[in-house]
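Spelled out from the first residue to the last, the chains are:
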Amino acid sequence: MKRTTLTLLIISIFISVTAQTKKPVAKKPAAKASTASAAVTPTVMARGKVVYNMYCISCHQPDGGGVPSMNAPIVKTKQVLGSKPALINIILKGMSGVDIEGESYSNVMPAHAFLTNQQIADVLTYVRNNFGNKASGVTVAEVAAVRNKK
Amino acid sequence: MKLRIKSLEYKTKLSRVLAGTALFTLIALQSNAQTAGLTMPAGFKASIVADTTGRPRHIAITKKGDIYVKLFRKVKEKGLLMLQDKDGDGKYETKTAFGDYIGTGLYLKDNYLYASSDEAVFRYKLDANEHVINPNKPDTLVKGLVSRKQHETKSLVLDNNGNIYVNIGAPSNSCQIKDRQMGSLGQPDCPILETAGGIWQFKIDKFNQSYPEGVRYATGLRNVMGLDWNQQNNTLFVMQHGRDQLTMFPELFDSKLNAELPAECMYMIKYGDNAGWPYIYFDPFQKKKILAPEYGGDGKKEGDSKFIDPVVAFPAHMAPNGLLFYTGNMFPEKYKNGAFVAFHGSWNRSPEPQKGFMVAFVPFKNGKPSGEWEVFADGFAGSPEKAAAGRPDHKPCGLAMGPDGSLYVTDDAKGAIYKISFNK
Numbered sequence: 003m004k005r006t007t008l009t010l011l012i013i014s015i016f017i018s019v020t021a022q023t024k025k026p027v028a029k030k031p032a033a034k035a036s037t038a039s040a041a042v043t044p045t046v047m048a049r050g051k052v053v054y055n056m057y058c059i060s061c062h063q064p065d066g067g068g069v070p071s072m073n074a075p076i077v078k079t080k081q082v083l084g085s086k087p088a089l090i091n092i093i094l095k096g097m098s099g100v101d102i103e104g105e106s107y108s109n110v111m112p113a114h115a116f117l118t119n120q121q122i123a124d125v126l127t128y129v130r131n132n133f134g135n136k137a138s139g140v141t142v143a144e145v146a147a148v149r150n151k152k
Numbered sequence: 002m003k004l005r006i007k008s009l010e011y012k013t014k015l016s017r018v019l020a021g022t023a024l025f026t027l028i029a030l031q032s033n034a035q036t037a038g039l040t041m042p043a044g045f046k047a048s049i050v051a052d053t054t055g056r057p058r059h060i061a062i063t064k065k066g067d068i069y070v071k072l073f074r075k076v077k078e079k080g081l082l083m084l085q086d087k088d089g090d091g092k093y094e095t096k097t098a099f100g101d102y103i104g105t106g107l108y109l110k111d112n113y114l115y116a117s118s119d120e121a122v123f124r125y126k127l128d129a130n131e132h133v134i135n136p137n138k139p140d141t142l143v144k145g146l147v148s149r150k151q152h153e154t155k156s157l158v159l160d161n162n163g164n165i166y167v168n169i170g171a172p173s174n175s176c177q178i179k180d181r182q183m184g185s186l187g188q189p190d191c192p193i194l195e196t197a198g199g200i201w202q203f204k205i206d207k208f209n210q211s212y213p214e215g216v217r218y219a220t221g222l223r224n225v226m227g228l229d230w231n232q233q234n235n236t237l238f239v240m241q242h243g244r245d246q247l248t249m250f251p252e253l254f255d256s257k258l259n260a261e262l263p264a265e266c267m268y269m270i271k272y273g274d275n276a277g278w279p280y281i282y283f284d285p286f287q288k289k290k291i292l293a294p295e296y297g298g299d300g301k302k303e304g305d306s307k308f309i310d311p312v313v314a315f316p317a318h319m320a321p322n323g324l325l326f327y328t329g330n331m332f333p334e335k336y337k338n339g340a341f342v343a344f345h346g347s348w349n350r351s352p353e354p355q356k357g358f359m360v361a362f363v364p365f366k367n368g369k370p371s372g373e374w375e376v377f378a379d380g381f382a383g384s385p386e387k388a389a390a391g392r393p394d395h396k397p398c399g400l401a402m403g404p405d406g407s408l409y410v411t412d413d414a415k416g417a418i419y420k421i422s423f424n425k
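Protein chains in written order, with the numbering used here: chain A, 3 to 152; chain B, 2 to 425.
If you are wondering where the hints come from, they were derived from the structure by calculation, not from laboratory data.
One should not assume that every hint holds.
What the hints assert, rightly or not - Mimicking DMTMM-like on lysine to aspartate or glutamate, the simulated pairs with C-alpha atoms at most 20 Å apart in a straight line are:
id, chain 1, residue 1, chain 2, residue 2
1, B, Lys92, B, Glu373
2, A, Lys51, B, Glu353
3, B, Lys87, B, Asp405
4, B, Lys75, A, Glu103
5, B, Lys369, B, Asp299
6, B, Lys96, B, Asp86
7, B, Lys366, B, Asp310
8, B, Lys75, A, Asp101
9, B, Lys337, B, Asp255
10, B, Lys144, B, Glu94
11, B, Lys75, A, Asp65
12, B, Lys288, A, Glu105
13, B, Lys77, A, Glu105
14, B, Lys138, B, Asp101
15, B, Lys77, A, Glu103
16, B, Lys150, A, Asp65
17, B, Lys387, A, Asp65
18, B, Lys77, A, Asp65
19, B, Lys257, A, Asp65
20, B, Lys79, B, Asp111
21, B, Lys150, A, Asp101
22, B, Lys64, B, Asp180
23, B, Lys415, A, Glu105
24, B, Lys138, B, Asp160
25, B, Lys64, B, Asp101
26, A, Lys51, B, Asp101
27, A, Lys95, B, Asp180
28, B, Lys204, B, Asp111
Claimed, not checked - Quick partial rundown of chain B residues pointing at chain A, CB under 10 Å, derived from the structure:
id, residue
29, Gly44
30, Lys46
31, Ser48
32, Asp52
33, Thr54
34, Thr141
35, Asn174
36, Gly300
37, Lys301
38, Lys302
Positions of the beta carbon are idealized from the N, C-alpha and C atoms, including for glycine.
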C-alpha cells in the first residue's frame with residue numbers, strides 16, 4: 003500500500019518536473035510565430051484567447067458551442083478545421099445563412115476586417131487548437147495573402 | 002471495554018446517520034418525482050406529461066385536455082402535433098402529426114386552431130371534440146410576411162373582436178447599417194419598421210391577407226415571442242426580446258454592463274403605440290428610456306418621451322418566449338389574472354454567467370401589475386452550473402392553461418412538456 007503511494011508520488015514528481023523543464027523548450031518557436039511557421043505556441047494561444055474573449059465569445063460562447071439555432075458552433079466543424087483561406091475569409095467578410103451539420107443559424111456573423119493580420123492569425127490558431135479542435139496554426143502571411151487578394 | 006462501548010456508540014450513530022441519509026434520499030427522490038426536478042412555491046407539483054421531438058414551441062389545450070404543439074423542426078415531415086392521453090394515465094402517448102411547415106405561433110379560440118409558419122398564418126376548423134377536421138387544407142389567413150432568418154417566428158393571439166395579432170420580428174439586432182458590426186451606426190429613420198419590428202393586426206375571417214390588408218397595430222418592438230390578450234382590461238400585452246451586444250460600442254459598454262443592459266420588457270399595447278426600438282432601450286437601473294449608441298446615445302442621454310414605458314422590466318437577455326395570463330381556478334388566489342412568463346434563457350450575457358431558464362410570475366389587478374415579479378418555477382437547466390454555462394437540459398418556451406387550471410410549459414431543447422398543478 004505504502005509502496006504504491008510512494009511510487010505514485012515519485013511518478014507525479016517526475017511528471018511535474020519534466021513538465022516544468024519542457025515549458026521553456028516550447029517557448030522557443032514563439033519568437034518565430036509571426037514569420038512563416040504556423041507554430042501553435044502558448045504565446046500565440048494566449049494572444050488568440052485575448053482576441054477571442056474580446057470579439058468572439060459573446061456569440062460563440064466560452065466553450066465554442068455557439069447558441070442553438072442562432073449562433074454557429076466552432077467545435078470540430080468543417081469551416082474551422084478545413085481550408086485556411088476559406089476560414090480567413092469568414093473573419094474578413096463575415097458569414098450568414100450557412101447550415102452547419104444540417105442545422106441552420108439565424109444570426110449573421112459580421113465582417114471582422116478591422117482586426118489586424120496578427121490578431122486574425124492568433125485567434126484562428128487559438129480556435130483551431132481549442133474547444134477540442136486540433137489543426138495547424140494560421141500565420142500572418144496566410145492572412146495577408148487572403149486579405150490582399152480582394 | 003471502554004473501546005467496545007465507544008465502538009457501539011459509533012455504530013448507533015453511524016446507523017442513525019445512514020438511516021437519516023436514506024430517509025433524506027427517499028424524500029429527495031420522492032419530491033423530485035413530484036416536481037420533475039423543478040423548484041416551485043409550496044403546494045405545487047410538476048410532472049413531464051409528454052416527451053416529443055421536433056422542439057415544441059407554443060402550445061394550446063382543448064377543453065377535453067388534448068394538446069396541440071407547434072414544432073420548430075419537422076418530425077416525419079410535419080410541423081404540428083396533437084397529443085392525446087387516451088388511456089388516462091396522465092402521459093400523452095398518442096401523437097398525430099400534421100401541417101407541412103415549421104414555426105412557433107399557435108392559438109386556439111372559438112373552435113378554430115390558428116398556427117403560423119415564418120411567413121404565413123393558417124386556420125384549422127375544429128369539430129365538436131376540438132379535433133382538426135381537415136388537417137391538409139387549412140385556410141390561409143395571412144401570407145407574405147417578412148422572414149429573413151433572424152427573429153423570423155410569428156407569434157400570435159386573438160382579441161374578442163374578430164382580430165388576430167401577429168408579431169413580425171425585425172431581421173436585425175439594432176437596425177445598424179451593417180447588422181451586428183462593431184461600431185456600425187443605425188440606419189436613419191429605420192426602414193425595417195415599415196414591414197417588421199412590430200405587431201400587425203389582421204381579420205380572422207378574411208383569406209390571403211398581407212401588408213395592404215393588415216394594420217400596423219404597434220411598432221418599435223424588436224421581436225416579440227410571448228404575447229397574450231388580457232381579458233380583464235381587454236388589452237394586448239407583449240414581451241419584447243431586448244437588443245443584444247452593446248459591446249459593439251466598447252468605449253461605452255464593457256461586457257459586465259452588456260450583461261445587465263437592457264431590461265427585457267413587458268409592454269401593455271394600445272393601437273398606435275411605439276415602444277422605441279431601435280432608437281432607445283430601457284435601462285432597469287436608471288429606470289429610463291436611453292438613446293441607443295447606434296443613434297448617438299452614450300448610456301446616459303434619454304430618448305424621445307413619445308415612446309411608451311414598459312409595465313415590467315426583467316433582467317437583461319433572459320429571452321421571454323411565452324406569456325400567459327392565468328384565468329384558472331386551480332392555483333391560489335394571488336395567481337388569478339396574473340402573468341406567467343417563460344424565459345428561454347440568455348446567451349448574450351457571456352462571458353458573465355447566463356440567466357433565465359425559468360418561469361416567472363407577475364401579480365396583476367385590473368390589468369395592471371400589482372406587485373414585484375418573482376421566479377415561479379426554476380430548475381429547468383438541471384443545475385446552476387449548466388444554467389451559468391448556457392448549456393441547460395431544458396429551455397422553457399410555450400405556456401398554456403389546461404381545462405382544470407393546471408399550467409403547461411413546453412421545453413424546446415429536449416422536447417419535454419411539463420404540467421404544473423396545485424394541491425390544496
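- Restraint status (C-alpha distance of Lys75/B to Asp65/A at most 20 Å): violated (28 Å)
- Message: Run the distance test for Lys144/B versus Glu94/B: straight-line Cα separation, threshold 20 Å.
- Response: violated (34 Å)
- Query: Is the Cα-Cα distance between Lys87/B and Asp405/B 20 Å or less?
  - Reply: Holds: Lys87/B and Asp405/B sit about 17 Å apart, inside 20 Å.
- Would the hint on Lys302/B stand, with a C-beta cut-off of 10 Å toward chain A? violated (24 Å)
- Quickly compare the C-alpha distance for Lys150/B and Asp101/A to 20 Å and report which way the hint goes. Given that 20 Å is the threshold and the Cα spacing comes to 12 Å, the pair holds.
- Item | Interface hint outcome for Thr54/B [beta carbon to chain A under 10 Å] | Hint violated; Thr54/B Cβ to chain A Cβ min 14 Å, cut 10 Å.
- Item | Satisfaction of hint between Glu373/B and Lys92/B, Cα-Cα up to 20 Å | violated (35 Å)
- Message: Can you confirm whether the C-alpha distance between Lys75/B and Asp101/A stays at or below 20 Å?
- Response: Holds, at roughly 16 Å.
- Message: For Lys77/B and Asp65/A, compute the direct alpha-carbon distance and say whether it is at most 20 Å.
- Response: Distance ~32 Å between Lys77/B and Asp65/A Cα, so the pair is violated.
- Message: Take the shortest C-beta to C-beta distance between Ser48/B and chain A; is it under 10 Å?
- Response: violated (25 Å)
- Proposed proximity, Asp299/B with Lys369/B (alpha carbon, max 20 Å): Distance of about 32 Å is beyond 20 Å: violated.
- Given hint Asp180/B paired with Lys95/A - CA-CA distance at most 20 Å: holds (13 Å)
Consistency note: the structure conflicts with the earlier hints numbered 1, 5, 9, 10, 11, 12, 16, 18, 20, 22, 24, 25, 26, 29, 30, 31, 32, 33, 34, 36, 37 and 38.
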